[in-house]
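Visitor: Add chain B with the ligands to chain A, keeping to what the hints say.
Listed below, chain by chain, are the residues.
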Amino acid sequence: MTAASALHLGLAVAAIYAAVALTFMVLRISTLGRKSLFSRPAGSESQGIRYAFTQGMMPSAKESVRMHQPTFIAGLLYHTGVFAAAFNLLLALLHVPIPPAMVLIIRVVMLVGFISGIALLIKRLAMPKMRIISTPDDVIANIIVDLFLATSIAFTMSKTLEPWLLGISILLLLYIPIGKIRHCVFFFVTRLNFGRLFGRRGVLPHAAERKQVNVR
Amino acid sequence: MTGHNDAVPTGGTPDQPDLAGGLRTLRTVIDSRLAASLNSCVHCGLCAESCHYYLATGDPKAQPAFKVGLVQSVFKRYQTISGRLFPALTGARDFDRGTTDEWIDSLFGLCSMCSRCTLNCTVGLDITRIVRAGRTTLAAMKLVPSELQTTVDTGVQSGNNMGISKQEWLDTAEWLNEELQQELASDSILLPIDRSEVNVLYAVNPREVKFFPMSLMAAARIFYAAGESWTFSADYYDVTNYGLFSGDNKAAALMSGRLQDALRKLKCRTLLLGECGHGYAANRWEAPEWFAATPEFQITSIVSLIADYIKQGRIKLNPSRNTKRVTLHDPCNLVRMGGVIEDQRFILNRAVTDFVEMYPNREHNFCCGGGGGQLSMTRFARRRIEAGKIKAEQIRKTGAKVVATPCHNCVDQLSELNKEYKLGVEIKTIAEIVSDALILT
Ligand code: SF4
Ligand code: SF4
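Residue numbers (our numbering), protein chains in the order written: chain A, 1 to 216; chain B, 1 to 441.
Honestly, the hints are just simulated from the structure, not real lab data.
Just so you know, these numbers come straight off a predicted model, no measurement behind them.
Any given hint could turn out to be false.
With a straight-line Cα cutoff of 30 angstroms, these simulated DSSO-like cross-link-like pairs (lysine-lysine) come out [claimed, not checked]:
| no. | chain 1 | residue 1 | chain 2 | residue 2 |
| --- | --- | --- | --- | --- |
| 1 | A | Lys35 | B | Lys250 |
| 2 | B | Lys61 | A | Lys129 |
| 3 | B | Lys61 | B | Lys419 |
| 4 | B | Lys389 | A | Lys123 |
| 5 | B | Lys61 | A | Lys123 |
| 6 | B | Lys397 | A | Lys129 |
| 7 | B | Lys265 | B | Lys166 |
| 8 | A | Lys35 | B | Lys142 |
| 9 | B | Lys389 | A | Lys129 |
Bound conformation, chain A alone (with noise of 0.2 angstroms):
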């Protein structure tokens, strides 16, 4: 075996451990408690999950986003950034041809979801509000997630650094259920269950649609 094919091989096997260990805590934590609710509902749930996935996303629904603007769009741009590598990642594995014009966005959007994540890692170290709240967890998250944005940002400039991208990606892959990576699949979960609750009683999303009566 090559040490090419052998890498190809470990990054296949890192996904699948990473989705079955994702699984298996969600299937987990799913057992737990009851699951039926017995007050009379007030609002509808299915509303409720509707607007904590549509406009309760939205800077106008959340003081808190409004009073940290930066912090709220570096987070998105970081995210999207994450988001562009997995998708270069994707089509570097299945051999698609990407037209340059299209590498060159790609490349950008991570570059900047790169400068955003050591953005925040910075606020992370320097603020001690976010230093009391941090575990040594929160900083290396964020060191594999820039490194991987960083290697992806490289192999878009010479193909010859596939095992380092490769090699980055295993990493991880093998982190994410290790860490706070893991947000990436219980963000759904808790946001369902956010639009359950305040749908559920009749709070969300009637009072945010009253007309602006909270912003000023």
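Guide: This is chain B with the ligands only, laid out in the frame that chain A set:
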């Protein structure tokens, strides 16, 4: 606050708590929703300014994410594989006396369980439930601050949180009834006790009985004007439920269960909850989960009922009797976590001539600082008053002379803030304002 969340009885004492028992309780209270939340916090810190404790003090330990982290670190240590294998990496932490001391100081002493952070969390973590899971764990180890525990114990032992004897209650009701009969020139019983097969069983905050009987009269006047068929129970009339705040689900269920039993005994159709934010959340939203049963009767707030009376033309109001500028404080558990959002506005717009909103309002409103059992935990009183600064500023900016709020605990806290921050306002409940505007023919 749903699911299998009963405290597991432990054998320890406050001096020598049963930590293993506490961990068993934590394991029990963490259901799938809570576990998802605890796996979702990305430590972004964006929730900090949602919290009045953090805003007022700037203390990094007051930010919601820090409080989440306290519970999350123990959850990771004992309930996740990576936390067991790599505790230092994941921030997983042993559950020891140092941890429980921090939990008490933070989860009881720096949180009014207002859920403002829950609404503002970028992910949507149910932070209040995380705090309450920690409180339930501490309750199982007998580590609830003694003042709060005494309030719960008094409620459990005497049937109301102020320890009012049945005779005192009946005497007060009789006296108020006579006053009302005189005022309204009526021979009817206007403050009925233990009347059966009526529409409404009314539950109130016992501080109304002890210190603010005029607010009971205000409600009775409104019922009289609306022609309502209603009653109090001689035995169980306490709408409050401090078990919600101490985390003790057994005590909480016992207290809510008594109201339900009183209603069934008297064959009433509606459990009417007086002006009490947490009493509404406990009895309307949590009790059915504690009993794992949907009640066969209606549970509603007096605020919603009064709004209905106005809509149905059952009562008429003259707003020119309330001409001072009025603003509204939204109790967190009635509004943000209760869903009773517009009724109080509908009422005030018809009961006063000059109603102004404070900003932010409705589900985004700031907590006054009196929730979460803070009013009873005297050891944290200074923090409570300091955190209330945010609310005081909200009020001051409106220029209002009256602050209306449908919660007697909020009335208490707002009254203290009024003195501390020299706001020069009157604090009134919705029923009191409506009663003042009531046209009695
Ligand atoms: S529930 Fe309220 S008091 Fe508690 S952390 Fe959240 S915002 Fe602060
Ligand atoms: S906003 Fe939510 S995800 Fe971010 S630190 Fe606060 S609790 Fe955690």
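Visitor: Each hint: holds or not?
Guide: Consistency of the hints with the structure:
no.: 1; hint: A:Lys35 to B:Lys250; in the structure: holds (20 angstroms)
no.: 2; hint: B:Lys61 to A:Lys129; in the structure: holds (8 angstroms)
no.: 3; hint: B:Lys61 to B:Lys419; in the structure: holds (28 angstroms)
no.: 4; hint: B:Lys389 to A:Lys123; in the structure: holds (29 angstroms)
no.: 5; hint: B:Lys61 to A:Lys123; in the structure: holds (18 angstroms)
no.: 6; hint: B:Lys397 to A:Lys129; in the structure: holds (29 angstroms)
no.: 7; hint: B:Lys265 to B:Lys166; in the structure: holds (17 angstroms)
no.: 8; hint: A:Lys35 to B:Lys142; in the structure: holds (29 angstroms)
no.: 9; hint: B:Lys389 to A:Lys129; in the structure: holds (21 angstroms)
Violated hints: none; the structure is consistent with every hint.
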